[in-house]
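A.B. asks: Residue-level listing of the chains:
2 protein chains.
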Amino acid sequence: MVKIYFITSNHHKYEEAKKIFDEYGFELLYLKYSLPEYQSQYLKESIIWKAYEGFKILNSLFIVEDAGLFINALNGFPGVYSSYVFRTLGVDGILKLMNGIKNRRAYFEACGVLSLGNHIFKVFCERTYGLISYEKKGSGGFGYDPIFIPEGSTKTFAEMDIDEKNRYSHRGKLFRKIATYLEEKYSR
Amino acid sequence: MVKIYFITSNHHKYEEAKKIFDEYGFELLYLKYSLPEYQSQYLKESIIWKAYEGFKILNSLFIVEDAGLFINALNGFPGVYSSYVFRTLGVDGILKLMNGIKNRRAYFEACGVLSLGNHIFKVFCERTYGLISYEKKGSGGFGYDPIFIPEGSTKTFAEMDIDEKNRYSHRGKLFRKIATYLEEKYSR
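So the sequence lines, in the order shown, correspond to chains A and B. Under our numbering, the first residue of the first sequence is numbered 116, with each subsequent residue one higher. Under our numbering, the first residue of the second sequence is numbered 116, with each subsequent residue one higher.
If you are wondering where the hints come from, they were derived from the structure by calculation, not from laboratory data.
It does not matter which identical chain is meant; a pair holds if it fits inside one copy or across any two.
List time: in silico DMTMM-like cross-link candidates among lysine to aspartate or glutamate, alpha-carbon distance up to 25 Å:
(1) Lys211 / Glu250
(2) Lys128 / Asp276
(3) Lys147 / Glu168
(4) Lys217 / Asp207
(5) Lys237 / Glu152
With these hints in hand, go ahead and build the complete structure from the sequences.
C.D. replies: Below you can see the structure in the form of structure tokens.
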């Protein structure tokens, strides 16, 4: 069985990813570790740095991932700084900033890097478009999940279980893409 | 005359610094360049990386500087991400977040690194404590200056000219400290 490490300090992300890799018959291992991050306006850039950092500690098959919420009316804020903003302002801070704003459009983007060993990295990025709700709803998920309603649903991510969230979410799409890539690679 | 380069993409910062170095009899040269930044929760950490990046392009006496506004009631937000938050939410976004909040305490911190050549770097940090105003005032300065009232004054930074702002400001204190250090070093 192919084993892949997921280097992350967020167990919610690991659980979401594990569900998908299980379906594909891959074993996803949890390497709980907070890798250093580099400031960039683009997830694609910062994630490749993170992968380089990961490669310093691990020369096996591994994944690193980073995601952000980009709100149109706030010029893309909180974007690549989503986790920092979550720790300081929280979901309530975002709702306060969105107070009185009719344009609720936003998207989540997730970028991941698959490290194939020997400094070979493959980058993947996926988005899910949706709306910022007017109030918090649901208790599942993490981060901004209680205020994000993906296109095609009327529920926030926090009102969904992991399987339903994975069907809609940026991270669900990302991990399915990575798993599909691995499936093709290892069935050759 | 001792010549020092200030590597920054912000001409306001250069003008503030030049006024101080002039007083000490040093020539401050403007090297307009946007150095790569590294994400860290601490200005002291990110500035030393910036200095390393600067050293790749310049082996003369130079300064790099970084500053942030830390608001107590917002858990230190916008902090090290002050310039990104300024570009996305702006001063109005901060006022919106502070709406209804009585605790207006905040501080500006500036950290600078003086590169003495041959990979020798000296780090300096200074703070100015003050309050977030209830509305924007003044048209001078840049960034969050229209909403920051330093301790000991009733004006915002944006209501002051450069000399007055330099007397109160984190960056004024920082550059005086660096200039004093250089004065002692070169009079030996």
